[in-house]
Amino acid sequence: MGIQELTYLLQGLLWTLFLTVIGFVGGILFGIVVAVLRVSPSPWLRIPMICWIGVFQGTPLLMQLFVAYFGLPLLGFNFPAWAAVSVALTAHASAFLGEIWRGAIQAVPSGQSEAANALGLPGWSRMVDVVMPQAFKLSLPATVGFLVQLLKGTSLAAIVGFIELTRAGTIVSNQIYKPLLVFGVVGALYCAMCWPLSLWGRRLEQRMAAGAAK
Amino acid sequence: MREIDVTRTHDSASRAFPKEAAPMIEMRQVEKFYGPFHALKGIDFSVTKGEKIVLCGPSGSGKSTLIRCINHLEPIASGEIVVAGHRLSDSQDAVDAVRREVGMVFQQFNLFPHKTVLENCILAPMRVRKLSRAEAEETARKYLERVRIGDQAAKYPAQLSGGQQQRVAIARALCMEPKAMLFDEPTSALDPEMVKEVLDTMVSLARDGMTMICVTHEMGFARQVADRVIFMADGEIVEENAPDAFFSNPRHERSRAFLGEILAHH
Ligand SMILES: Nc1ncnc2c1ncn2[C@@H]1O[C@H](COP(=O)(O)OP(=O)(O)OP(=O)(O)O)[C@@H](O)[C@H]1O
Ligand SMILES: [Mg+2]
Numbered sequence: 001m002g003i004q005e006l007t008y009l010l011q012g013l014l015w016t017l018f019l020t021v022i023g024f025v026g027g028i029l030f031g032i033v034v035a036v037l038r039v040s041p042s043p044w045l046r047i048p049m050i051c052w053i054g055v056f057q058g059t060p061l062l063m064q065l066f067v068a069y070f071g072l073p074l075l076g077f078n079f080p081a082w083a084a085v086s087v088a089l090t091a092h093a094s095a096f097l098g099e100i101w102r103g104a105i106q107a108v109p110s111g112q113s114e115a116a117n118a119l120g121l122p123g124w125s126r127m128v129d130v131v132m133p134q135a136f137k138l139s140l141p142a143t144v145g146f147l148v149q150l151l152k153g154t155s156l157a158a159i160v161g162f163i164e165l166t167r168a169g170t171i172v173s174n175q176i177y178k179p180l181l182v183f184g185v186v187g188a189l190y191c192a193m194c195w196p197l198s199l200w201g202r203r204l205e206q207r208m209a210a211g212a213a214k
Numbered sequence: 215m216r217e218i219d220v221t222r223t224h225d226s227a228s229r230a231f232p233k234e235a236a237p238m239i240e241m242r243q244v245e246k247f248y249g250p251f252h253a254l255k256g257i258d259f260s261v262t263k264g265e266k267i268v269l270c271g272p273s274g275s276g277k278s279t280l281i282r283c284i285n286h287l288e289p290i291a292s293g294e295i296v297v298a299g300h301r302l303s304d305s306q307d308a309v310d311a312v313r314r315e316v317g318m319v320f321q322q323f324n325l326f327p328h329k330t331v332l333e334n335c336i337l338a339p340m341r342v343r344k345l346s347r348a349e350a351e352e353t354a355r356k357y358l359e360r361v362r363i364g365d366q367a368a369k370y371p372a373q374l375s376g377g378q379q380q381r382v383a384i385a386r387a388l389c390m391e392p393k394a395m396l397f398d399e400p401t402s403a404l405d406p407e408m409v410k411e412v413l414d415t416m417v418s419l420a421r422d423g424m425t426m427i428c429v430t431h432e433m434g435f436a437r438q439v440a441d442r443v444i445f446m447a448d449g450e451i452v453e454e455n456a457p458d459a460f461f462s463n464p465r466h467e468r469s470r471a472f473l474g475e476i477l478a479h480h
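Residue numbers (our numbering), protein chains in the order written: chain E, 1 to 214; chain P, 215 to 480.
Hints in this document: simulated from the structure, not taken from any laboratory.
You may find that some hints are simply not true.
To be verified - Partial list, computed: chain P residues near chain E (C-beta under 8 Å):
no., residue
1, 287
2, 320
3, 356
Unchecked claim - Capping the alpha-carbon separation at 25 Å, the derived lysine to aspartate or glutamate pairs in DMTMM-like fashion look like this:
no., chain 1, residue 1, chain 2, residue 2
4, P, 344, E, 114
5, P, 369, E, 5
6, P, 329, P, 351
7, P, 263, P, 294
8, E, 137, P, 333
9, P, 356, E, 205
10, P, 263, E, 129
11, P, 263, P, 333
12, P, 329, E, 5
Positions of the beta carbon are idealized from the N, C-alpha and C atoms, including for glycine.
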């Protein structure tokens, strides 16, 4: 494998990183919205979120990518491929993270909300200052686990013609006939991205545990 | 807004004519249901400024429900609750107005575990009373000193003993400078050796003239500070009496049975 092929793989890696970052950032922002609306007392806010979560958890990511890539142009949106894929990844991540955080919010003991209410804290402060920090800590293992999944899930973007890391690997492998070597490198690159993420998640968990306990 | 002005008038009047002080907390014909279960039946009572009430009764009689209705942690079905001149309703403004006037201390402390003692104490003053951080910290340190725990301000709740945590919870409520305090079995989750430090804190609060409603079975505390003991059973107020009379010569059959039981356990 020469420098040219390696450069090609690294270009694919950049796309993978780019899609991942978009999925993370969009998923986290919209995921917070989904989680907060999902625990709202109003059914008008809650029920649409239940449907949103149901749709994205109940269908394959591959299908969601198809729908975004081929469906959005039909609705008159003229997105470049990366934008369509970003929309799909963001929506997908928002549903999964929203559901993870919904569970975590509801796992915070009710005494915490009662104490916040008894002190007269406004609803937003009860969520932001009291419930969400505790929910975030509870959800950290599941959140990091999902983000690792999402990073690997970006490989599905190849299906709509995206040359991200996995697709770049396939192309190079077909050119130089060394699939073991090429996919070994590709696998190592995925590991190099996922492993620090897991490690960082564990660090954060330990640091938060140390902060709150003895 | 009009109701706030009424209180002010009464406050200044009460200095000249203490006997005519308006009730600090008043409940009239309060009914409360949990689904089909009738938890409070026609509760009627009032607490004047500076009065200390001990509320007791068997498990499930509705003591917690009653005091949780006062700050609207539980909505009521019918009747009327007025706190420091604010009539409680389901409107958020009314609820906020009442919650600014009453502090609450829970059996399980309910401190915020991710915040230090000091942060627990300054959160509500900053968010609700809009104090600056410096002002809020000053108030917090004052009340932490007051419950004799000033040296623990930088610790997290999990680093403190149960008794210390409950004293922090009392300080946290006091930081809002409430006109009345509600206590729901504040010592029953504590190891026996820590009960006294919390009761001492409550006694000193009572001495300073705080209006208090305490759900507790600590009879020593009731005898020492209570102006009145209210005994509940099955969602009703069965007996209201001076503490000495209640403990030595209860009027009602159910009160006698109840006292017999807690005496047997002590
Ligand atoms: N959220 C709820 N839903 C349904 N029933 C409830 C709820 N909270 C309390 N109850 C019922 O209402 C009754 C009164 O409960 P409450 O907690 O006020 O009693 P209590 O006098 O404080 O008892 P304890 O001494 O055990 O704390 C009990 O029978 C209880 O089962
Ligand atoms: Mg109770």
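Outcome of the hint check:
1. 287: Holds, about 6 Å.
2. 320: Where the cut-off is 8 Å and the nearest Cβ of chain E is about 6 Å from residue 320 of chain P, the hint holds.
3. 356: This interface hint is violated because 17 Å lies over the 8 Å limit.
4. P:344 / E:114: Holds, because 21 Å separates the two Cα atoms, which is no more than 25 Å.
5. P:369 / E:5: Violated, because 56 Å separates the two Cα atoms, which is more than 25 Å.
6. P:329 / P:351: Holds, at about 14 Å.
7. P:263 / P:294: Distance ~18 Å between residue 263 of chain P and residue 294 of chain P Cα, so the pair holds.
8. E:137 / P:333: holds, 18 Å
9. P:356 / E:205: The hint is violated at about 34 Å.
10. P:263 / E:129: violated, 33 Å
11. P:263 / P:333: Judged against 25 Å, a Cα distance of about 30 Å means the pair is violated.
12. P:329 / E:5: It is violated: about 52 Å lies between the C-alpha atoms, which goes past 25 Å.
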